[in-house]
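Protein chains: 2
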Amino acid sequence: MTGHTKTTRRGFLAAGAAGVAASSLAATAADSADARWIDALPKKWDESYDVVIIGSGFAGLAAAWEARKAGATVVILEKMRTVGGNSIINGGIIAAAGTPLQEKQGLKDSPEQLAADMIREGLGLNHPDLVKITAEQSWPVVKWTIEELGVQYTDHLVQEGGHAVPRSYQTHNGSGSAIVNQQLAKLKEIKQDVRTQVYVEKILRDKDGRVKGLQVRDGYVFPREGSGKQKFIRAKKAVILAHGGFSSDVAFRLKQDPKLTAQMDCTNHPGATSEMLRESLRVGAIPIQLSWIQVGPWGSADEKGFGLGPHFAQEVAAMFGIWVEAATGKRFISELANRKMRADAIMNIMNKGGNCIAIADAGQVHGHVEQNIPKMLERGVIKPYDSLEAIAAAYKVPIDPLKQQVADYNRYVAQKKDDQFGRYMHKDLTPLGAKMPFYVLRLMPKVHYAMGGIQIDTSGRVLDISTDKPIPALYAAGEASGGIHGAVRLGSCSMLSSLVWGRIAGKNAAAEKAWA
Amino acid sequence: MTGHTKTTRRGFLAAGAAGVAASSLAATAADSADARWIDALPKKWDESYDVVIIGSGFAGLAAAWEARKAGATVVILEKMRTVGGNSIINGGIIAAAGTPLQEKQGLKDSPEQLAADMIREGLGLNHPDLVKITAEQSWPVVKWTIEELGVQYTDHLVQEGGHAVPRSYQTHNGSGSAIVNQQLAKLKEIKQDVRTQVYVEKILRDKDGRVKGLQVRDGYVFPREGSGKQKFIRAKKAVILAHGGFSSDVAFRLKQDPKLTAQMDCTNHPGATSEMLRESLRVGAIPIQLSWIQVGPWGSADEKGFGLGPHFAQEVAAMFGIWVEAATGKRFISELANRKMRADAIMNIMNKGGNCIAIADAGQVHGHVEQNIPKMLERGVIKPYDSLEAIAAAYKVPIDPLKQQVADYNRYVAQKKDDQFGRYMHKDLTPLGAKMPFYVLRLMPKVHYAMGGIQIDTSGRVLDISTDKPIPALYAAGEASGGIHGAVRLGSCSMLSSLVWGRIAGKNAAAEKAWA
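So the sequence lines, in the order shown, correspond to chains A and B.
The first sequence begins at 1 in our numbering and counts up by one.
The second sequence begins at 1 in our numbering and counts up by one.
For the record, the hints were derived by calculation from the structure and aren't laboratory data.
These numbers come from a predicted model, not from an experiment.
Careful: at least some of the hints might be erroneous.
As the list claims (entries may be wrong) - In silico lysine to any residue, SDA-like type, Cα no more than 25 Å apart, as pairs:
| # | chain 1 | residue 1 | chain 2 | residue 2 |
| --- | --- | --- | --- | --- |
| 1 | B | K259 | A | P470 |
| 2 | B | K469 | A | D408 |
| 3 | B | K304 | B | E370 |
| 4 | A | K259 | B | M341 |
| 5 | B | K469 | A | P470 |
| 6 | B | K207 | A | R282 |
| 7 | A | K352 | B | V250 |
| 8 | A | K259 | B | P111 |
| 9 | A | K469 | B | V250 |
| 10 | A | K259 | B | A164 |
| 11 | B | K469 | A | V250 |
| 12 | A | K207 | B | G226 |
| 13 | B | K108 | B | A164 |
| 14 | B | K132 | A | F222 |
| 15 | A | K44 | B | K207 |
| 16 | B | K352 | A | A115 |
| 17 | A | K469 | B | T261 |
| 18 | A | K229 | B | P128 |
| 19 | B | K469 | A | G226 |
| 20 | A | K469 | B | L254 |
To be verified - Chain B stretches covered by chain A per the calculated footprint, using a threshold of three residues with CB under 8 Å from any CB of chain A:
| # | segment |
| --- | --- |
| 21 | 124 to 132 |
| 22 | 281 to 290 |
| 23 | 325 to 336 |
| 24 | 465 to 471 |
As the list claims (entries may be wrong) - Derived Cβ-Cβ restraints for the label pairs, each shown as a range:
| # | chain 1 | residue 1 | chain 2 | residue 2 | range |
| --- | --- | --- | --- | --- | --- |
| 25 | A | K143 | B | D457 | 47 to 55 Å |
| 26 | B | D208 | A | F421 | 53 to 61 Å |
| 27 | B | K469 | A | E47 | 29 to 37 Å |
Backbone N, C-alpha and C fix where the C-beta goes; we use that ideal spot for every residue, glycine too.
From just these sequences and the hints, can you work out the full model?
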């Protein structure tokens, strides 16, 4: 379509000048002004800000902070009653490469290595220019959370699947809330609050294609369609889409991946739906890789949603223990393979009527997970056992193969080399069973993250499907955007990309020229 | 956005009624009527038809035939100078399950088995309702090509990768042209021609969202942007999108899969670009699985484009011979694995500096491939050798492993069971090397097909991103639509789906109520 954008109006006028309009063929330009996907700008805006941000997770709050620092007036719109989206309930690990903590632990790493990990595990679907910036900004952004936001991290580096080395900082409370709450607190200091229960109905572009504002419903009550009062919010400089992904939207995810039915549990909050993605596509954003929807392999079958299980299954059992197929008593994959490989492996086993368990022992829990062990036990997310025999009885595991597997695994620990699956061997590994009890979690993959989204350029600007050029005054950041993580997002890279690109979008949006 | 579609206009009027419009905030509805993505309908249409079809491949021509049979007036628009798109240069095999030819050859098959093959190899990304119809219509549509179009097929059933049994009819000349030319001839009999060099600039929807016609450039010269004269073509009943895929569009495919660089060869004609997909998304179609772009494993390194090589590599060497990694002298995958598995395997080997060859012998060629052997030899697409030693010398293959591989393979042929990769063993298999010379082709994967496209319902109607309901009077068929083939289209299922869904779209479009 490129190059033809100016011809419509001319073509229409030329046709009009011809002047022959049989009534059956007559259709006036006024008709089009009424069309439902053609959005009249309001004569009066109800509110007006330099930068209008949709979403109050990591990306939206980071954008708000940077935009305010740059002197812009800002409004943050959140459709739910509560702030923080998935960010405030996530696991609180953020990847950073070449950090002081890695240096202290003798771990060699670099942004180049992180980028290589992301692209290798992302099956090369990643947009390399976006990955490069993400990886280069990894330590700077963690440093920023520490120095500017006052976020506290443990001194245990977490290793999620697909990362070549342990490199992920863990918030002190094992949750993204440790960052979101600091973001909110710092924003509060500068009198920046979040407007909850504001649902965005339309993104409004003007005749030149510039985004000028939003049509919203103020006082919206999720999920009641049409609730709240319609208002128009002007964005003098720009709108930033930081609305997150759509993993909770069964109808939309079924289009892109029909395997992800309503029967599958999901780690996301119920508001992680597709309407803003749909709306951005409606006004011309470019869809990128929407069919790549991540299933997290570390969910627990004994709780709903994200819950507490992933902390045990990943940070304890995957790094320091083992994952085992119940029917065979054997490990079935490297516990540090990427999320897709592990989720696929578990689902293949489950589809044949089997199931998988994650096993670690009391000597292998630490930090915030250790603090949460009583709660996990109380909820039945993990169960304690005093022997392999007890585990075998509880989960119908053949005892001899299980014993052999644990013996083999403990040999790999001793030799610091996993002969079975080549898993990265952590320097602090201990033999499995060294300290009783064992803890066991029943693994259940859960829909977790949309790798796909709308295309942004290296400035965070949303590109136009008809021209591949930026849609003036429209930015996106975080899970709303696509292309950074390719086929498989690595664990702890969502917090990273959301914060990095939220900051970029906020800075650049604040630097836009305001419309008069 | 569902449910809010009526509120825009009301909201605007309400805001207008409030009457307070500071000049800095004033923006009138008239502004929006001018906006470049808001398309005024013309006062006068230059031409008018019941059904307007974009594209002149299998799908477009099948749609035209059915629409004309149903009494509709039809125009078929083709942007290129020549008709037939990729259809007229393709390999001419079409899958059908439970056919007379299979019965004659003692092969058990069913639409259910075909659907199962498509979904298994498509990694479950296929939309099951669309697959079901495609498979059920497979024999009816082949029968239709024979009885109604007069298409001639060989009596050799081809087996492409991922199909459980040989089931694909092969046109007598080994090309899709055998069907396209019959489609064109039958249309000519009813005085239906194809309008070449007509480029579609815009799909025009009216105030109720109905598609009413197109803005085109008549006399367009590919790839000259803006060439030709602007015209407006009215679609009284419907527009059918049958424009094919975008495999030749490097910029667009790089968005969805950055591995598919300009360095990769492509089997498609140069006009297989993205502008109609972009335009349909601009007016509200739903993108489905755009990042799944197929690379054909059977391309030849010694010719450009689709060429002749695939006939030898697939129909001869994959079914009756072997594919070998040069550096090892060994087979590296089942030659009848699906296209993705084979292309990935070859690209992994090539990325390490290696390469792969396809080997068969003179006793294994038959039919149209046999007729083309002289041409392939002349062009250097295949080369003849009198011994394994000669092959080993030419392609730097270690001779002993190669001899061992051929001996092993011939044992599998004798026992009718492939102990190495479990490949389907054709009933007519002969030992490799039974009749000299050997023929060898250098394999080179090439970008081939877009599995993704826009979402259609089971009536072939295009759905709307804001409502999930059909966009009134807009249909799609063939490679333009997505969701049928999932992650991996099986060879010979493109001709099938294009013809099946072209017919469905044509019939249903003709049954639409005309607008006054």
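Going down the list of hints, with the structure as the test:
{"no.": "1", "hint": "B/K259 / A/P470", "result": "holds, 23 Å"}
{"no.": "2", "hint": "B/K469 / A/D408", "result": "violated, 57 Å"}
{"no.": "3", "hint": "B/K304 / B/E370", "result": "holds, 21 Å"}
{"no.": "4", "hint": "A/K259 / B/M341", "result": "holds, 20 Å"}
{"no.": "5", "hint": "B/K469 / A/P470", "result": "violated, 29 Å"}
{"no.": "6", "hint": "B/K207 / A/R282", "result": "holds, 16 Å"}
{"no.": "7", "hint": "A/K352 / B/V250", "result": "violated, 41 Å"}
{"no.": "8", "hint": "A/K259 / B/P111", "result": "holds, 21 Å"}
{"no.": "9", "hint": "A/K469 / B/V250", "result": "holds, 16 Å"}
{"no.": "10", "hint": "A/K259 / B/A164", "result": "holds, 22 Å"}
{"no.": "11", "hint": "B/K469 / A/V250", "result": "holds, 16 Å"}
{"no.": "12", "hint": "A/K207 / B/G226", "result": "holds, 22 Å"}
{"no.": "13", "hint": "B/K108 / B/A164", "result": "holds, 10 Å"}
{"no.": "14", "hint": "B/K132 / A/F222", "result": "violated, 37 Å"}
{"no.": "15", "hint": "A/K44 / B/K207", "result": "holds, 23 Å"}
{"no.": "16", "hint": "B/K352 / A/A115", "result": "holds, 20 Å"}
{"no.": "17", "hint": "A/K469 / B/T261", "result": "holds, 20 Å"}
{"no.": "18", "hint": "A/K229 / B/P128", "result": "violated, 40 Å"}
{"no.": "19", "hint": "B/K469 / A/G226", "result": "holds, 18 Å"}
{"no.": "20", "hint": "A/K469 / B/L254", "result": "holds, 15 Å"}
{"no.": "21", "hint": "124 to 132", "result": "holds (count 5)"}
{"no.": "22", "hint": "281 to 290", "result": "holds (count 9)"}
{"no.": "23", "hint": "325 to 336", "result": "violated (count 0)"}
{"no.": "24", "hint": "465 to 471", "result": "holds (count 3)"}
{"no.": "25", "hint": "A/K143 / B/D457: 47 to 55 Å", "result": "holds, 51 Å"}
{"no.": "26", "hint": "B/D208 / A/F421: 53 to 61 Å", "result": "holds, 59 Å"}
{"no.": "27", "hint": "B/K469 / A/E47: 29 to 37 Å", "result": "holds, 32 Å"}
In this structure, the hints that do not hold are numbers 2, 5, 7, 14, 18 and 23, in rising order.
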